Amino acid sequence: MKTFEYTITDPVGIHARPAGLLVKAVKACDSAVTITTKDGKSADAKKLLALMGLGIKQGDTITVSVDGGSEDASAAAIEKFLKENL
Amino acid sequence: MQVGTGVSIVNRIAIGKIRIYKTPEYKINEETVPDPIPELKRYEDARKKVQDQQQVLYERAVASAGEDSAAIFQFHADMLDDDDLNDAVKTIIVEQHRSAEYAARQGFNNVAQMFKEMDDPYFQARSADVIDVGNSVVECLLGLDTSSLQGTEPAILVAEDLAPSETVKLDKSLLLGMVTVEGSSNSHTAILARSMNLPALIQCKQVSDDWDGHMAILDGYNSCIYVDPTQDLIDSLTKKHEQELAKDALLQELKGKTNTTIDGKTIKVYANIGGPQDVGNVQANDAEGVGLFRSEFVYLNSKSDPSEEEQFQAYKRVLETLAPKLVVIRTCDIGADKTVDYMNLDKEANPALGYRAIRICLTRKDFFKRQLRALLRASVYGNLGIMFPMIISRREVREAKEILAECRRELANEGTPVADNIQIGIMVETPAAALCADDLAEEVDFFSLGTNDLTQYTCAIDRQNAKLEPFSDTHHPAVLKEIQMTIDAGHRHNCWVGICGELGADLTLTETFLRMGVDELSVNPKSVLPLRKRIRSIDLTKPVGQANVGDAE
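Protein chains in written order, with the numbering used here: chain A, 1 to 86; chain B, 87 to 639.
Derived from the structure by calculation, the hints contain no laboratory data. Treat the numbers as computed from the prediction; the structure is a model and nothing was measured. From the three backbone atoms N, C-alpha and C, an ideal C-beta is built for every residue, glycine too. Where hints are given, some of them may not hold.
What the hints assert, rightly or not - Some residues of chain B that are not near chain A, with every Cβ distance over 12 Å (derived): (1) Leu386; (2) Leu448; (3) Asp524; (4) Ala546.
To be verified - To be clear about the criterion: a stretch of chain B counts as covered by chain A if any three or more of its residues have a C-beta under 8 Å from a C-beta of chain A, and this derived list gives those stretches: (5) 153-164; (6) 167-174; (7) 197-207.
Chain B on its own, in the form it takes in the complex (with noise of 0.2 Å):
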């Protein structure tokens, strides 16, 4: 057996032979060519050849991978218009009297060497994106066939690089995995890689040519491929692929569904994020919306406190991507064990009980306005919902909604258009809130119950102590009656009330919310489908714990 390691693009598993991808090698003829003319014709219609492929190959790969990832290709067929690009081709055939594929491997190749010298990571990774073009000119002129490379069986493909044409051209269902020698995480090869779902393993220095044809399996939550393995590897990453197939089945057959149950009760099944990067997430397990996106992201990510411009850039792109899909963003949660540096927070004796999140918020106005600001200005590019954390009175919630208002006036008068449909609501997390839920519900829209905090307030347990695990019960009877109150006085008041603490993906308790009429479950995005599927097998006109007529558990 060897073992090849690299970095993992995708954690998944992929097991069975592999191919060995490789690019044939061709020589371009060096020698002068005679008459000049026929080369430039030769060069414009290969450009304009090549320039329809790549149209194909952005269609095929906004159909495969989306929007995102095949803009790419849009970029390859901007580059084959460009005057200075063209004009030193043709200048190369007409002064040196060469032939059109000598002249586009110079032309394309001076221009690689340009993004290759600057600076910045991404503009140098734009070099890969010229020598693809150029090759797929130089290959067009040279009237090569690259799609026998593949191979007619389904294999792990093992190659050196892949250029993004390379990778939209394979044929996906021959292909189980991709390992290559270079590339980086932000290559479109690891991108696409990402958006097919398909594991893959980056810069593996190991390969050899002599692993054509080998069994293997690569293994991308350990970031190496086996080749020859063990029975015993064998044995126990089939049984992983396998509940990773099964997982995939699930998701096919639940994806576009309802969140209904088997006597027509239906909720709302949100995700939680932590940023724009999970995006994608929320999008491939099929959440309706975002119950909870902690923008403590943007403080913790940076040095300095953040400007509004910034915040305002991430909360659009959300906003942006998932509309019309309602996304409920919580303001500025830091403080307790969430601190940073540039808000010089005191060292506390009790920081969970401490100065945190709208206690932060509320004395330090200026830094609240820059994120109300940015929310406002994000909320014309989607459905947005505003929600306040660590809120135990009525009092708390006026001031902050009276600062909200106070940012709307302000942008009006600059002229900065702001949605009118926004939502507002708090979290309930203190056993403060729970009690005093109907004075609050008439101030807002929503309730989002935050369980890990209100367990730990309610029980007095720190939830960071570990010495204290036998004293802890998650399903605590308290805990589950503030719940409740929550939820009866949030819909005395046409609140409607959801759950984004952890409790709302444990799948015991599922029953019980629905009981009592939770109206939607904001989850982790991979716990969104195994909760829609433990919904759909509920009947609530069964008696109590007998309802589940599913094979959920």
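Just chain A, with the same shape it has in the complex (with noise of 0.2 Å):
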């Protein structure tokens, strides 16, 4: 498993449009993808509505788990799409 961090830029947080490009990133890599928050929630990424249960704002940090698959491959893709929309 690989994990990252990363600190939401945008400044309504993880809303409806940036959410659901991101299940569909995820849809597209042969990994699971977890995203946990600070205090601990968790949902995974495939889920538009977990994930935007999350209520991930600007400025908090999230960890990013990647687990399966392309494992490197994934982790890039992940991050490359949260740099450029979130």
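Assembly of the complex is requested from the two constituent chains, each provided in isolation within its own frame, with the hints serving as guidance.
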């Protein structure tokens, strides 16, 4: 399993549009991707409503765990997505 | 006459009959069903059908209100793909032996409740989206048709609240305005009203079903609706409404046309903006670019010194949305009348002649570099011009450019891309700059004349002091002379020269500026089209003062 941290810069946080795009990006990977907040809540990043239910805001640091499949490539793809969209 | 008050979303007027828009009440069968298996298929079919509908609504909203407003329907379609939600609905069907509509109602309500209980207003507002999609699924399962609710005549629509999908389904040609009892300025009703430029009033608590069919005037300027208005009100507001319509016609007629005089001289007309929120106005008024983006908002709206990242996001948003149009961003111009606590600026006897703008930036280099790095990073997302304010000497321009080059080197070392076609310019707003324009022109790509300060400094008239009004002359010959000198000096050195002060929008001077050879005028977005109309009515081959052959005045 690979993990990395990312701090959200989008002023609205993980809102509807990037959340939808993130779900699509994760579905395109062959790894399981879990997002965990600082207070320990986590969600499967393939699940749009659960992901939005985390209520992640600007300035929040999230931990992204990538498990199974081509982990390096998946982690790189997700990190790139986050930097470009969130 | 009855008066309803609320929060106005779009400052316009609508006059017409009221139509009460009410979703029909329907009953969902709460009984258990003997065989749940067909219900699973019914849910699945309805889910797919609604998902297709959302795709159609998305495309329709892109066409009528733009990508940003339409994005919500993409979210609606994505929501219907959510495994947790679909599994929850199916579990209710199978384990509780319920109908598809009962299970859908329960499942969507549970998710809506989750959003409602979140802290953040943005996420709270999403509960309305979930309810909206849930209603669409239930209506689809029950075979309800909501298309007749709007009626067949043009009307001001009055509703408890309008869900985004309802707003988009409405026949716009029959829609004069909207009034809702609920809603917030972030709700989709408000967003769509704004992008369709329709008068809308939200949080109007006086709404009554008895209003249906009554004559009314929705007055967005005064945030109210008059039901059965008096004749006086009808007369005065009809007149105002007609002026609006005339303006709309002008807009339609002039959109997409060039700013060309009768004899064929074309100049650029750009818009002045104060932040990312003004970008919509730039587009709506068909400005060719932004001639002055006052970056102060990032400083004035912040409690502490804004970070590079914060600034980068704001600049990126504007550049990206308007690309490939040129966006000239003026670097920090605080000081004088614009102060912020975290800068710890001293009180001065003569603030207008004091420590401000580039003078602060060149002495607080780290502060300046944060903005320049943010600008350079944003440059790859569009067509950027950087403009330095309050310049009086070539030395200052060189120093500012050196700091900019330093930031460029740092970013290159960090591997961050920066555009290589960034234009560099200065504000010409001091007599010193106008008098030394030949020297300064050698250093930059463009000049922008800030006529407000230029007039204040040239005439020694404090622009904040109302007592000086009798002495002030906005068309003072000294200022006009400086403008001519600046244009000529710029052209001698291949610099384009624009005007971004209030004089730029003064239609009585447009002919004068054209004769002086100005390349660009940057004005308030609302003045773009009236200015275009003025330019198109001028014939410079006619004698001075007789060039106006149109009906602009």
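**Report entry** Hint check, failures only
**Finding:** Of the numbered hints given earlier, the structure breaks none, since each of them holds.
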